[in-house]
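Protein chains: 2
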Amino acid sequence: MNPGDPASSGRDVPRLVGGLTKPATSRVAKLFRYVNRTVVELSSPDAAEMAKLLENIFRNVNIALVNQLAMLCERMGLDVWEVVDAAATKPFGFMPFRPGPGVGGHCIPVDPYYLAWRARQFGFVDRFVELAGDINVSMPRHVVELAAEALNSRGRSIKGSRIGVVGVSFKPDVRDVRNSPAADVIALLRERGGEVSFHDPLIDRFKDAGGHESESQPLASLVETSDLLVALVAHRAVDWQMVYERAGLVVDTAGTARHRNLRTDQVLLLGSGWLPAGGDSSGNGGN
Amino acid sequence: MNPGDPASSGRDVPRLVGGLTKPATSRVAKLFRYVNRTVVELSSPDAAEMAKLLENIFRNVNIALVNQLAMLCERMGLDVWEVVDAAATKPFGFMPFRPGPGVGGHCIPVDPYYLAWRARQFGFVDRFVELAGDINVSMPRHVVELAAEALNSRGRSIKGSRIGVVGVSFKPDVRDVRNSPAADVIALLRERGGEVSFHDPLIDRFKDAGGHESESQPLASLVETSDLLVALVAHRAVDWQMVYERAGLVVDTAGTARHRNLRTDQVLLLGSGWLPAGGDSSGNGGN
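Respectively, the protein sequence lines represent chains Y and A.
The working numbering applies: residue -7 is where the first sequence begins, and numbers increase by one.
The working numbering applies: residue -7 is where the second sequence begins, and numbers increase by one.
It is possible that some hints are incorrect.
Same chains, same names: a pair is fine if it fits in one copy or spans any two.
[To be verified] In silico DSBU-like pairs for lysine-lysine, Cα to Cα no more than 35 Å straight-line: (1) Lys151 / Lys44; (2) Lys82 / Lys14; (3) Lys82 / Lys199; (4) Lys82 / Lys151.
Quick caveat, the hints were computed from the structure, so don't treat them as lab data.
Here chain Y stands alone, though its shape is the one from the complex:
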């Protein structure tokens, strides 16, 4: 299943069934055929579990790959969002992933480590799981660096600044906060002396990784009172137009600032840099 995607939870998603014996597999598959249109019989429970892990690891690795590219693009003065959009025009052999403040949910940041743990029992180091984890886990720290860079451009420090975080769930348009990278971003900002509040249209209360719990604030007052906004999740229910009209300084990690009329040095975009970049960021990509 795919939280937030109604099409992913129903009858049309294939079900993998692997039993300890062929008759067991057949009987369980027969049962599931009352529920799912497609039931795939596998040779063992291990094969079914590995297929599930492969799907999770595929996403974990490809998110990490684009997060690494985002950090490289920042150094090179390129816009990773433009690059991914351009690559995504390829009609075969490519699947686009976008950068962000890290990975969350109950699968992607968790399941790969089951496999890495089990692999070690076979004397095998799962180097992709280790690398992807290392990069994705480090993204909240990178977001904090961007926040420090943005505030620095105004002669401010994190310490003593009012920082408004927009979006705390683990991905857009879901109420799920399990393993959300927002918990790390907010805790790290508070550790450095930032006065952090948040708004999320779907979440009322949120506890950061340091155990500090707070309530969602109205968006308009958050925008008005913050020295810096940090956009973490591109919820559709957020009035981003209003955010970018009124906010003085924004770190955008979710692509919400793209294709807008922005003031000079208003937005620092993850994987890119200060917007607008020569008018290109809003004007490119046409066909």
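Once you have looked at the hints, place chain A on chain Y.
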């Protein structure tokens, strides 16, 4: 473009255009619109080049990811081909890649290193490119290990054995041998004293990585005279049915042995093990 795929080379594949100035981009885009249905204008040549590199790195990394999983599945007694097929039933968020003896062609094994080289000039180590390269480059050695394991099961060594390689191009159904992993597999087998011949329906002569050149042999005589066959490329023009009816011992790195009636201990499959595995390898995966 995608060698071997006629649909990929024509008008329907979008063209990315990034000029040094906006007017230059517009004029070149206008020209290409006579050729390609979709022309995407980017902010710079660098952005266009990075998009091309991202497409190549995506494939390089995902092939390496499944190659790593293949080696892990061998240790765990699982069949990576079954696992990938099962994961590929997921209708969203997944793209299947299959394992093999390495990567070839004029893009995937080459272009990522341009980026890694350039990244270092910005003080940035592209860890994914390094890891993916390391794994994919090591696959020919792994194939040689499988060949040694297969021959060992018959009390034989690579030295003195007649080994027939089927397929030397860099991927199925193309005549392109640039950077083909077959060049490394064959050279490594010859270094160890193997007497290597090859058959490829699309390639007449082939030079291995050690500079030894030889001619394609008729498939039937290769099958008859070899102590071991190594299937490297799943060309459709090869009579695989005949191969598996007549060959005594095969290392399959291309999935050509799957879903066939095989004799016990006839085939050692990359990413899996000895086939048939309890009758599962040919009987699984139904729905």
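Hints versus structure:
In this homomeric assembly, Lys151 and Lys44 never come within 35 Å of each other (Cα to Cα): the closest approach is 43 Å inside a single copy and 42 Å across copies. Proximity of Lys82 and Lys14 under a CA criterion of 35 Å is satisfied inter-copy only: 23 Å between copies versus 42 Å inside one chain copy. For a Cα distance limit of 35 Å, the shortest separation of Lys82 from Lys199 across copies, 33 Å, qualifies, whereas the shortest one inside one copy, 41 Å, does not. Proximity of Lys82 to Lys151 under the C-alpha cut-off of 35 Å is found in neither arrangement, the shortest distances being 45 Å within a copy and 46 Å between copies.
Hint check: violations occur at hints 1, 4; the rest are consistent with the structure.
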